[in-house]
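Participant: Chain order of the listed sequences is A and P. If you read the first sequence in my numbering, its first letter stands for residue 5, the second for the next number, and so on. If you read the second sequence in my numbering, its first letter stands for residue 988, the second for the next number, and so on.
A portion of the hints provided could be inaccurate.
Said to hold, decoys possible - Here chain P is said to cover these stretches of chain A; the calculated rule only asks that three of the stretch's residues, wherever they fall, bring their Cβ under 8 Å from a Cβ of chain P: (1) 38-46; (2) 49-62; (3) 111-117.
Stated by the list, open to error - Which chain P residues stay away from chain A? Per the calculated CB distances, all over 10 Å, these: (4) Thr1005; (5) Ser1017; (6) Met1032; (7) Ile1082; (8) Gly1095.
Claimed, not checked - Take a look, some chain A residues computed to stay more than 10 Å from chain P by CB distance: (9) Arg17; (10) Glu28; (11) Lys74; (12) Lys87.
These are computed hints drawn from the structure, not numbers from a lab. Note that the Cβ used here is the ideal one computed from N, Cα and C, for glycine as well.
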Amino acid sequence: DGGITQSPKYLFRKEGQNVTLSCEQNLNHDAMYWYRQDPGQGLRLIYYSQIVNDFQKGDIAEGYSVSREKKESFPLTVTSAQKNPTAFYLCASKPPGQGTPLHGYTFGSGTRLTVV
Amino acid sequence: AQTVTQSQPEMSVQEAETVTLSCTYDTSESDYYLFWYKQPPSRQMILVIRQEAYKQQNATENRFSVNFQKAAKSFSLKISDSQLGDAAMYFCASIPTGTASKLTFGTGTRLQVTL
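Sequences are here, hints too, so could you generate the full structure?
Facilitator: Below you can see the structure in the form of structure tokens.
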């Protein structure tokens, strides 16, 4: 079955360390997104990519970096510059088309990152 | 730019009763889509219902229906015959049409279903 796989499900990071969250999809979707979820704040967009080798900052990109070397993969690195990284991170993708996102996004199952 | 506002952080409903979750939005786009997503304790995002802004008819999916008031920029979700499995976070979201468009979410409403 096609879908989005996020790994790991739980991740612990020490202060000052960089960590990378994995997001892989086999849906042949062009666009991929990273959202951060905090209690009471909904989902906020970190980075997104419309095509391979191209990506744009979202609303809260500071302290994060991404790459898009393959269509299937969109890893997110949480750097030591991110002051409050403890959160739930969701990866999503959108089907290709002529701009009609009728089906919304497909989401992964998320990664819970905790700074220890 | 788009904004989505959910003013009810928590709601409670008795099993078999009906509940309405509120959502307002603001957009300068002429054409867009609106969604309600459900996030159960597993935290998997599940699409509940969608509405195309150019359609006047309110969308319905089984026990879920929306009241879409375009002029008022309101998009509420009604859940009929509530079930224990409906307990979850519910997020309202909007997205303009266009290939580069991005989904914008509200802050969510936590729905409790009681016996």
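Participant: Now tell me, hint by hint, if it's right for this structure.
Facilitator: Here's how the hints hold up against the structure:
Coverage of a stretch by a chain is defined here by at least three residues with a beta carbon nearer than 8 Å to that chain's beta carbons; for the segment 38-46 of chain A and chain P the count is 4, and the condition holds. With 4 residues carrying a beta carbon less than 8 Å from a beta carbon of chain P, the segment 49-62 of chain A meets the three-residue requirement, and the given coverage holds. Residue count for the segment 111-117 of chain A with a Cβ under 8 Å from a Cβ of chain P: 3. That meets the three needed, and the coverage hint holds. The beta carbon of threonine 1005(P) sits about 25 Å from the closest Cβ of chain A, which is more than 10 Å, so the claim that it is off the interface holds.
Every CB of chain A lies more than 10 Å from the CB of serine 1017(P), the least distance being 13 Å, so the non-interface label holds. Separation of methionine 1032(P) from chain A is inadequate, the least Cβ-Cβ distance of about 4 Å not exceeding the 10 Å criterion. Once the 10 Å rule is applied to beta carbons, isoleucine 1082(P) is inconsistent with being away from chain A; the minimum gap is 5 Å. With a closest Cβ-Cβ approach of about 5 Å to chain A, glycine 1095(P) is found to fall inside the 10 Å limit, against its non-interface label.
No beta-carbon of chain P is positioned within 10 Å of the beta-carbon of arginine 17(A); the least distance is around 19 Å. For glutamate 28(A), the non-interface assignment is confirmed: its Cβ lies about 16 Å from the closest Cβ of chain P, beyond the 10 Å cut-off. Taking the minimum C-beta to C-beta distance to chain P, about 20 Å, the non-interface status of lysine 74(A) holds against the 10 Å cut. Residue-level check passed: lysine 87(A) sits 21 Å from the nearest beta carbon of chain P, beyond 10 Å.
Going down the numbered hints, you'll see the structure goes against 6, 7 and 8, while the others check out.
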